[in-house]
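Participant: With the hints as extra help, turn the sequences into a complete structure.
For the record, the sequence lines run as chains A and B. Heads up, the first sequence is in the numbering used here, so the first residue is 1 and it goes up one at a time. Heads up, the second sequence is in the numbering used here, so the first residue is 1 and it goes up one at a time.
Careful: at least some of the hints might be erroneous.
[Said to hold, decoys possible] Some chain B residues close to chain A (C-beta under 8 Å, calculated; not the full set):
(1) 103
(2) 397
(3) 402
(4) 408
Derived from the structure by calculation, the hints contain no laboratory data. Where is the CB? At the ideal position from N, CA and C, for every residue including glycine.
These are the residues of each chain, in order.
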Amino acid sequence: MSYEYIGITVLWLFLYGYLIVASIDFGAGFFAYYARLTKQDHIINKLISRYLSPVWEVTNVFFVFFFVGLVGFFPDTAYYFGQSLLVPGSIAIVLLAIRGSFYAFESYGSKDNHVYMFLYGATGLLIPASLATAMTISEGGFIEETANGVHLMIGKLLTSPYSWSVVLLAIVSVLYISSTFLTYYAHRADDDPALAIVRKYALFWSSPTIIASLTTFIALSQHNFAHFQKAIELWWVFGLSVAFFMIGLFLIYQGKYYGWAFIAVMFQFFFAFFGYGASHLPYIIKPFVTITNGATNETMGLTLIIAFIGGLLLLIPSLIMLMRMFLFDADYVQGKK
Amino acid sequence: MFFEDSVLMSRLLTFLTLGFHVIFATVGVGIPIMISIAEWIGIKKKDPHYTLLARRWTRGLTITVAVGVVTGTAIGLQLSLLWPSFMKVAGNVISLPLFMEVFAFFFEAIFLGAYLYTWDRFKNPIYHWLLSIPVVIGSTLSAFFITTVNAFMNAPQGFETEGDKLVAVDPFAAMFNPATPTKVAHVVSSSYLTSAAILATIAAFIMLVRKSSIYHKKALKLTVAATFIFAVATAVAGDSSAKYLAEYQPEKLAAGEWHFETEKNADLIVFGTLNENNEVENAIRIPGALSFLAHGDFNAPVEGLNETPEDERPPLWIHYMFDFMVMIGFYLVGISFLFLVFWKMKRWNEFNRWLLTGLAAVGPLAMLAIEFGWIFSEVGRQPWILRGFMTVAEGATTSPHVGLMFLLFLALYIVLGVGCLVVLRKIFKNNPAELELESRYPHVKESDKE
Ligand code: HDD
Ligand code: HEM
Ligand code: HEM
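Facilitator: Right, dumping it as C-alpha cells:
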C-alpha cells in the first residue's frame, strides 16, 4: 500500500473512533436534557455524568487528531476546506467550546442551571449536524473556485436534499449509538431503573437509523451518481453493516448480551463508514483534491506514519489503563468509588 | 472600513484567540509541575498541608485545562480557516510536530483523567504521585512541539522551493531550526515561572486579607522559592533568545531596541519616545548594554534596522513590549530573592505586609509578561508569516466574513472567561483550606508543625 492510502486509512480510523466516542457523548447530552424535561433525570443523569466526566477530553483529542492529521497528510485540504468553511467551521468551534466547558463548569456548581442543560442537549445535536456538513461538501458541487478564491455556495447547500439527508442521518445515528452504549453501561452498573429507560431509547431509535441510511443512499444517487455506483459495487460491505444492525437490535430486544449488542452496533457503523469512505476515493474533496494530487511529499508522509506508530505504542497501553479504571472497574461504574 | 479587510481581521482574530489561549496554555504547562512537587513533599515529609495544596491546585487546574482545551481546539481549526495558504505550505513541512503535539495532549489528557479521579484509591500514595509524572511530561512536550512550529515560522528551513512547489523536505531540519533551542527554553521556563507566580499570588493575597495560617505560609514559601528559580532560568533563556535574534533575525531585535545604525558598543535604550525623524528622545541609555545583550561582548557590532528594506521592517512600537517584559522579569527575580533573604535571615519577618503586597502582584505581572513577550515576538516577525518566504497578506483567507467571526469569538471568550472566574471562585470560596484540612485530616491541628 502506498503512503497516501495508509494515511487516509489512519485518518479514517480516527474519524471512525471519534464518530463512536463522540456520538456516545453527544447523544448522552440530548438524553440528559430530555430526561430532565420528562422528570426522569434523577434516574439516569448520574449514570451519564459518571461515565462522561473522566473521558470527554479524550473524545476531543480524537477530533483534533483527525483534523491535524488531515492537514499533515493532505495539506491541500487545509486550503479548500479553510477557504470555504470559515463561517460553518467557526460556528462548530463555538458549539464545541460551549459543550467542552460544560463539563468542567457543571461539575462544580451550575448543575441545576436550566439554560446550561439546554445548551448541553442542543449542542449534542447541532455539532454532529454541522460536522456532517463538511462531509457533504466533500461530495462536490458545493464549492466553486474563481479568480478571487474558493467559495461555499451556501444557497445550494441549504436547498440540497442530499445535504439534509446527511444531517438527519448524523443526528439519528448519534442517538442510536449513544443509547445502545448507555444500555450496556447501565447494565454494567446494575442500575435497573436506568437500564429500562435507556433500553427503550435504543429500541426507539433503531428504525429511524436504518430509514435515514436508505434515504441518504437515494439522495446520493441523485447528487453524485458516480459515487453511488461505486458504493453499489461495494454492496457486500453495506450488506455486512445491515447484518450487524440486525444482530445488535435482536440482542437488545432479547434483553441479553448488551455488551455484544454494542459491539455489533460498532461493527454496523464500521462497515457503513468504511464502505462510504472507500467509494468516496479517489476524491477527498471533489473535484479539487484527490488522494494522489493532494497528498504531502513522500518524506513527510512516511515520517508521519512512523510518528503515528510510535504514538500508538504509547497511547494504547495508557488508554487500556484508563478504560480499566473507569469503564471496566465494576466498583467505579456502580458508584462505589 | 477595516472590518472588511480580511487580512487585518484575520490577524486580529488570531491575536484574540492566541492571546486568550496562551493564558490557559501557560497555566496548563506550569501548574502540573507545581502539583507534582507539592504532592512529593507531602509524601516525603508526611505533611498533609502539602498534599492538600496539591489537591486544591489540581481542582483549579481542571477548570483552566477545560478552557485550554476548547480554545486550543479553536486555534487549531482557525489556523486552517484563517491562514489556508500558509497551512498548505506548513502542512508540507512542519506538520510533524503539530501531529506529535496531539499525541502529547492525548497522553496528558489520559493521565490527567486518571490522576484526578484516583486520589484515595491507592494504599501507597506514591502510586498516585507517579501518575502526575506523565501529566508533567505530556504538557511540557506539547509546549515543546507547538513552540517548534512557531520557531519554524521565524527561522524556516528544511525545504527547497522549485517554482511554487516544495521539494527536498526534511521534517527534522524544519523542526530543529535555529530558533528552536532558545525559544523552547524561554517558553517552557516562563510557563513554569508564571504558574508558580500565580500560585504565590494566591497565597500572598489570602494572607493579606485573612489571618495567615500555617498552610498558607507553607504555600507561600514553596511557591516563591519556585518563582525565584524559574525567574532566573527565564532570564537566562531570554538572554539567549536575544542572542539568537541578533544572529538570525536582526531586524526584530533592532526594531525592539530602536537601534537604527549598525554600530559597535551599542547602547541599550529603555523606554523613551520617537520624534518625527525617528530619533529617540526621553530614553534611558545603558552604554554598551545592547552589544552585550546581543553578543555577550560590550564592543561587538550590532546590526541596525536601516540594513533592512523599508517594507520588511516590523512596527517600532514593539519596543515597549520588550521593555515591559524585561522589567517584569527583573521585578520577579528581585522580589522573590528579597523574600528568600528575609526567610533565611531569621531576624526579619518574611511575612510582613510590604513584602506580601509585592508578592501579591507577581502572578498577574508574569501573565502580562507572557502576553507582552508574545506580542513582541509575533508582531516583530511582521510582515512575514514565514520569515523570508510568505507574507501575512499572502497567507490569509480571502473570505469576507472574518469581521463577523471576530465578534462571535469575542463573545465566546467573554463567556468562557467570566464562566471560568465564577466557577473558580465558587470552588474555593465555599471551601476554604482550613475547613478542608479539618474535614480531611482531622488529626492535624493548625499549630501542629512548622
Ligand atoms: C513570564 C514571562 C517572561 C519574562 C519574565 C521574560 N520573558 Fe521574554 N518572552 C516570553 C516570556 C517572558 C515569552 C512569552 O515566552 C516569549 C514570547 C515568544 C517567545 O518565544 O517567548 C518571549 C520572547 C522573548 C524574546 C523574543 C524571542 C523571539 O522572538 O524569538 C526575547 C529576545 C526575550 N523574550 C528576552 C527576554 C529577556 C532578556 C528577559 C529578561 C528577564 C525576558 N525575556 C523576560
Ligand atoms: C506556537 C505557535 C504559534 C503559531 C503557529 C502562531 C501563528 C501565528 C499566525 C499564523 C499569525 C498570523 C500572522 C501574523 O499576523 O503575524 C500569528 C499572529 C499573532 N500571534 Fe502567533 N502563533 C503562535 C503562538 C502565539 C502565541 C502563544 C501567542 C500569544 C499571545 C501569539 C500571538 C500572536 C499575535 C499577537 C499575533 C498578531 C500579530 C499581528 O498583529 O501582527 N502567537 N501567529
Ligand atoms: C498555533 C498555536 C497553537 C495551537 C494550534 C494549539 C492547539 C491546541 C489544541 C488543539 C489544544 C487542545 C488539545 C486537546 O484537545 O486536548 C491545545 C491545548 C493546549 N495548548 Fe495550545 N495551541 C497553540 C499554542 C500553544 C502554545 C504556544 C502553548 C504553550 C506554550 C500551548 C499549550 C497548550 C496546552 C498546555 C494545552 C492543553 C491544556 C491542558 O490540557 O493542560 N498551545 N492547544
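Participant: In ascending order, which of the hints set out earlier in this document are inconsistent with the structure?
Facilitator: none
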